[in-house]
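Student: The primary structure of each chain is shown beneath.
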Amino acid sequence: MIGGEAGKMALYQAVLDNEKALLDEWVKEQIGAFSRQGAIRETELRQQCETFLRLFVQAIRDGNTTDLRTPEWEAVLRFLSDVSSSRGEQGFSPSETATFVFSFKRPLFTALGKAHQDDGKALADAVWEATAILDRLGLHTMDVYLKTRETIIARQQEDMLELSTPVVSLAEGILALPVIGTLDSARTQVVMESLLQRIVETGSTQAIIDITGVPTVDTLVAQHLLKTVTAARLMGADCLISGIRPQIAQTIVHLGVELGNVTTKATLASAFAVALDRQGMKIVRSKPQA
Amino acid sequence: MERIPILRMGDFLLVTIQVDMHDRLAMTLQDDLTTRISKTGATGVLIDISALEIVDSFIGRMISNISAMSRVLDAQTVIVGMQPAVAITLVELGLTLPGVKTALDVEKGMQMLRVIGGGSVVPPESDGDDDRQEY
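From first to last, the protein sequence lines are chains A and B.
The opening residue of the first sequence carries number 1 in the numbering used here; numbering runs sequentially from there.
The opening residue of the second sequence carries number 1001 in the numbering used here; numbering runs sequentially from there.
By construction, these hints were calculated from the structure, which means they are not laboratory data.
Among the hints, a few may not be true.
[What the hints assert, rightly or not] Just some of the chain A residues that point at chain B, by a computed CB distance under 8 Å:
{"no.": "1", "residue": "Q197"}
{"no.": "2", "residue": "V200"}
{"no.": "3", "residue": "E201"}
{"no.": "4", "residue": "A231"}
{"no.": "5", "residue": "L234"}
Glycine residues also receive a C-beta, built at the ideal position from the N, C-alpha and C atoms.
Between the sequences and the hints, there should be enough to build the whole structure, so can you do that?
Tutor: Listed below in structure tokens is the structure:
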């Protein structure tokens, strides 16, 4: 077996003996690797490297090097997670994030090479041991980085959901909900909730759902729309659907979607006229047309 | 035993559900309400569920049943003040309550009853309750 106890001890000794030199080399290596100037301050970077080295030496001394899931490695992994997720949030690229661990290889191998100048076998063992550990640590960094980015994306998606469903008030007692984009289950839920919430807040009895901006209507979307209309009716508000384009009208009939007794209108204007009429209001021209 | 009060306002009965409905309470309400309708000859029933936050399929069906029973007894029923979450839940459960009239709040519900029922809310000073004719 390559590596093993001898390799581990050699690695430990090499890191311990050259701590200061390793640190300098490593920081220099990383500063060169960043594409952007001033992406991270040198003092901050140095501090991160110092902390990592300290934890790393401790972990090698106490733990086994074949399994990083042991408690001895926990501190190292946690520290790397912190570094990685903070870099992910600051918008570092994946390679810039991974560099933190991988750039440690060169200084470390140099140090190992110096320590075992005349013993090829020992050198190979130590290098293998170091590579195995650093690679796994690097992969861990990437895992955390990706997770952080995914969290950010999920949060942005949520924000977009909220943004894309504004409920506007057209007149006293009349609300309109212009839907833009595809209606999926998650979005319908948000649309439905915000519409119903606004109905309660404003005491509106007429709600117009305008689907001019919905590119396609399939059975699922139609079902979602019907659900919203039914829920609004249960609360005591009338719901109209407007903005049905000719193609969509055709699709709805071809799919055999039963819109039931939902009032549908071609344009928002005609739906608004119906809503006004139901409210007992009308729009009059105050000046003759020019 | 816990009961939901049924208040009389002229020709109409007003039921406000202020507690969480459990099954037995709903059954009692159904009994009480039908008895009251036939006794008073009310033409309209207003059920205010604005304080109701949790529904299940049973309560949903009870709401539907109660309003159907009232209709059979010749009293129009309006359900008012359903919370958004309750409405969504009922729709997801497939209980769309067809035929049940709904309104946003008690005010609008009363107005609706006046329009469809033709009854009137007797002003408090006239002692209308005693000499009421049975329909």
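Student: All the hints need checking, so say for each whether the structure fits it.
Tutor: Outcome of the hint check:
Checking A/Q197 against chain B by beta carbon gives a least distance of about 5 Å; that is within 8 Å, so the hint holds. Given the 8 Å rule on beta carbons, the hint for A/V200 holds: about 6 Å separates it from the nearest Cβ of chain B. Hint status for A/E201: violated, given a least beta-carbon distance of 10 Å to chain B, over 8 Å. Using the Cβ-Cβ criterion of 8 Å, the hint placing A/A231 at the interface with chain B is satisfied: the shortest such distance is roughly 4 Å.
About 4 Å separates the beta-carbon of A/L234 from the nearest beta-carbon of chain B, less than 8 Å, and the hint is met.
Violated hint: 3 only; the structure is consistent with all others.
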